[in-house]
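We have chain V; now place chain B onto it with these hints.
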Amino acid sequence: MRRLARRAVEALRQADVEYGDVRVESIATESLTFRSLRLSDASLKSEEGAGVRAVVDGCWGFASCTGLSESAVDDAVARAVEVARAGGVARAGSVRLSAEEPQEGSFQGPCREDPFEVSREEKIDLLARACENLHAPREVSVSYAGLWFEKRRRVFGNTEGSLVSSEIVFSQPVLQAAAVHRDDAQSRSLQVGGRAAGYEWIRELDLAGTAARIGEEAVMKVRADEGPTGTMDLVLDGIHLGLTMHESVGHPTESDRALGWEANMAGRSFLKLSDRGSLRYGSPKVSFLADNTLDGGLASWGWDDEGVPGQRWYLVREGIFREFGTVRETAVELGEAGSRGCCRAQDFTHFPINRQPNLYLEPGEEGVTPDELIAGVDRGVYIEGRGSFSIDQMRLNFQFGGDFFWEIRGGRKVRPLKKVIYRSTTPEFWGSCDGVAGPADFRRLGLLTCGKGEPMQAARMTHGASHTRFRGIEVRGGRG
Amino acid sequence: MNREEMIGVVRRALDAASGYDATAVLKESREATVRFGQNRITQNGDTFRRELELTMGTNGRKATATTHNIEPSRLQQLVAGIRDQISTAPEDPEYLPPVEGGQIYPVIDAWDPETADMRTAERIAAASKAVATAKLRGLEAAGISHASMERTALGTSTGNLAFHRRTEARFGLTMDTGDGSSYRHLSHNAWSSLPVAETVEEVVAEARAAGEPLKAPDGPRRILLEPQAVADLVPFLVFSLNARLADEGVTVFSGMEGRRVSGPRLSLRSVIDGPVKGRPFDGEGLPCRDATWIEDGVLREMLCGRWWASQTGRRPLSSPECYYMDGGTGDVGDGLSRMEEGLLIRRLWYIRFVDQKSLQITGMTRDGVFGVRDGSATRPLRDFRWNWKPLELFERISWMGEPVRKGRLYVPPVVLEDVSTG
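First to last, the sequence lines map onto chains V and B.
Each residue of the first sequence is one higher than the one before, counting from 13 in the numbering used here.
Each residue of the second sequence is one higher than the one before, counting from 1256 in the numbering used here.
Okay, chain B solo, but in the shape it has when bound:
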């Protein structure tokens, strides 16, 4: 559906909920993915999904229902079902009416028409390039080439109407020699902006260099984290940036607003119309905005729902779904050239909290660990388990390169001093 059609459905849902506080969100998404492994294409799909979510409330009680069916008769059934739910719901002490009318939403252009065309041949060609290259060089390739589009229309009974659409293209590749591997994940709003051919060659070369690994040395080391490894850590910081959980005493940020939580080189921001396009509004119809979460190591803001904001004097702040870590200049090679000795880590894997209160996490390295000597990655090392606290880790930053996009994040390579590898 186009914008007008989707807004029309949202209006009809709000009309059907007339007399109630109401928020309606209609989403359509299409995802097309070619998947490959064992040097052959293993999946090729093109899926479509539509969902209408309607939340209604009155007299301090509310309920939600979701359906794929947007026929007018179904909307009446949907509303009747929600009314029934509301009639049995206890009064909600945190009830709020929908977001006040007259909201102004930022315009974010995250749509690439060519990507939205979802041409299968392009994705097949990218997968075939990876597979053919791997076969030719005696490696094994696995990965995905993926394109998706999503349209969202939102309306509230207080008069807000909003629409946003975005496309997303991704190419992920693992090359494996049998005793070493390398990995890269590319993402952009436009498929044409993904440097597939160059990346295939780079990943082949890196995988070949990763063979016959030795045990990683024990003890604190200088470590260069490639952007992918930094991107693997940052979501745990973001998860902890929750004002209510902090106030309830269960996260590392309890009582820390305005105070130093990490080293002065750590700054984490959201720029909703920056290099990674964010979303203009959240699921309640609250406009998203730029935010500075951590600045020079000091905790500045946290995600905060409307009700908790009203209780604590904060401004409501929803996730804009894009996060930007400040960096410097130069790439991984520049970072390497600054190291006499240390480790290079490409990717981290299976990261989980060990202790949420202290933001301690555990995980493994994956797809490339190297010993570094005199500015070069000289010998491949075996993967190892680590237990780290990212806030302490980022206190140890001695160099940062230029940020690059990794999924919904924009993060730099970093060099860290005296990091435990056990």
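One chain only, chain V, in its complex shape:
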């Protein structure tokens, strides 16, 4: 793969492009899914190819090929240059890239036990036991138990002299149960998402035991009363907040949105370039760290798809907005010295774009527990996990549900609830935060399917938080 990358870079130089890069990738996946006590999907997939970018007369050209023959890669280089030249003829170009140091090296993801080496019998047996436990309550009507693994090898090279490689294993377990009672149906699921990790992580999760709890909680949820309506306090767990911060912090701090590059599809941002360093995003308790060096993070690739190293920085610090996530082009537009390394593509068939980094809410003081946060709530709702989610295209006006709910009365969780949603706007919501539990309570959410771009492409990143309390939020129970 390195040899092919060098060959493509040399061909780009020969074509006299202003800039060129290549990603040579090999991707293997395994998927096993039980649907309601039967193995409904057992599939393997392998794919290889290359994606080539070229700048000619200030215009991008991008082409990809399937397969890693020399002729296929040569053809992709030629097409990328040809497409770029077509833009040049139309005088459509204005590409400028931040200056970056050429990189060399390799990155190995944190996999201790290769899931592709674990016997399929063992994986199927685990899922079968999990599925049986999901279905133990008679009210469970539909269930899913699955394992998904991916091994991705990637070599990136560019005409500036970078040549880096990575090999990362990604894993994701799935458990979900839908229970039916009277005229209602409610689901409960495992929501840790994915992680850059091997089978050792799957072993740690105790899927069979967790499945039993999920099945029982699905029944508890469908039998629960509907949630209250009014203005009240919320205590949210780290996995739930992972999605809230993804939508209301991760996306608005993408620089391409602020510049209007996503205005036709994913949308813009309420943040302006001039807001850096001054806009109050949340209360002083709120600090968001971007961290593409996070161990096991889904966006920790060593280098991004422009060969820029993974970095760690504050997006928001003590409530004040600090910096956008950038790629080489947007760094120039923002007047910054270099890219933050947020350029990633779904795979070699896609043009890499500005994506969210791994992003998490900094935990509170050591020793602060979720129970202490709940004890400070007279009337409110405790929410675990992800549910319904929607936010406007400026990333201001949002509505979230959850996966499981408890009513809080007099500082205690008193009964389970269903059908709870809350509404707020981004700075108002994060501004109402008055308590964050300590590092011991920190939980991660790994997202594998963040959609953005045209044509739509999926990206992956990890979020996290400890339990956090918010005051005076609009809650709507029942069906909204």
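Since the hints were derived computationally from the structure, they do not count as laboratory data.
A couple of the hints might just be wrong.
Said to hold, decoys possible - Result set (DSS-like, lysine-lysine): computed pairs, CA atoms no more than 27 Å apart in a straight line:
id : chain 1 : residue 1 : chain 2 : residue 2
1  : V       : K284      : V       : K297
2  : V       : K163      : B       : K1282
3  : B       : K1470     : B       : K1644
4  : B       : K1282     : V       : K57
5  : B       : K1390     : V       : K284
6  : V       : K135      : V       : K163
7  : V       : K135      : V       : K57
8  : V       : K284      : B       : K1470
9  : V       : K163      : V       : K297
10 : V       : K163      : V       : K57
A quick note: this is a predicted structure, and the numbers were derived from the prediction, not measured.
Chain B only, in chain V's frame:
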């Protein structure tokens, strides 16, 4: 590859899987997209992908593998890998052999040779037109001009062989004035059928009219949904049209076949060789067919896999990937002229289920909300969040215009009465 070459690969895959139940699907796709934003071209790409998916089964066990590599030696490896998977798979109580041989597939002409040529200059010219117009008028343009082609060859060990090819052209445009915007998405099998120049001018005019919006009034309102907004809602109906999930009690259509689920003006159909070309066969080799999902508000049919069909006495029915909502005559302007007062909504955004069982969804308006008075859109309004149940919403239809194409859908503008805007 051409048809014969692709069918040849499928035959070789089936030969390699000899002795097993087998289904092979070979797909090739090429997509070319020019993307623009901030009044400049930001991407220009031309991508190619090939995938061979082989499913094999025997003695009630099955497995699938996919590869990009169609060399004969790789096919043998692929088959060996699937055999290995099958040897470890538990028996599948829902196992079915491949679709019975002798299937007859509809012929659907969804191919435009000029679009298949993927000429970069046409897409650049369309993007440049939008950008130049925006610059000249002091607006900001973002969007895409896109062409794609896809070829699919399928074969089964029971003797079915099928081939289909289609092209797709799309032009999407958002014009933004800084405090107002408008949007249009055009799609057709042929690039030459997209009215790019006229659309650029229309979207500029609409965006200019959308500036300085006021808060939308509270309370129930008469609402005119433009076709794009209707198209944003319909996929949630389609998602719920799943016979098995309904029978399992988790969707709004549980126990509702043959019963009224919405108002009498809602009819949703698929016409596979209609104005939006569908696909002639599904991934198992089952022929697709026309279907009436909802007729005059009554639920008639739902998507149903082969095994569930065999258990419930239904006919198997796969998604034809085209959906048609009945309409009437007239365009958005005609709908407006019928309204003394109300709201005009151009596009809906970030729609998600709030409650799948009752088909309640939430979302925002985007790129144009207007107050309507005496048949005209008179004042721009701010975007607002809504929580709606589409089946209840479509009970409130008082007028429908002529359907137009929006992606894989063909939908009309509609006027709805007494709709909550909160």
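Hint by hint, here is what the structure shows:
1. K284(V) <-> K297(V): Given that 27 Å is the threshold and the Cα spacing comes to 23 Å, the pair holds.
2. K163(V) <-> K1282(B): Status holds; Cα separation ~23 Å.
3. K1470(B) <-> K1644(B): holds (23 Å)
4. K1282(B) <-> K57(V): holds (14 Å)
5. K1390(B) <-> K284(V): This hinted pair holds, its Cα atoms lying about 21 Å apart.
6. K135(V) <-> K163(V): holds (17 Å)
7. K135(V) <-> K57(V): It holds: about 17 Å lies between the C-alpha atoms, which stays within 27 Å.
8. K284(V) <-> K1470(B): holds (22 Å)
9. K163(V) <-> K297(V): With Cα atoms ~38 Å apart, K163(V) and K297(V) exceed 27 Å; violated.
10. K163(V) <-> K57(V): The hint holds at about 11 Å.
Against the hints set out earlier in the document, a violation occurs for number 9 only.
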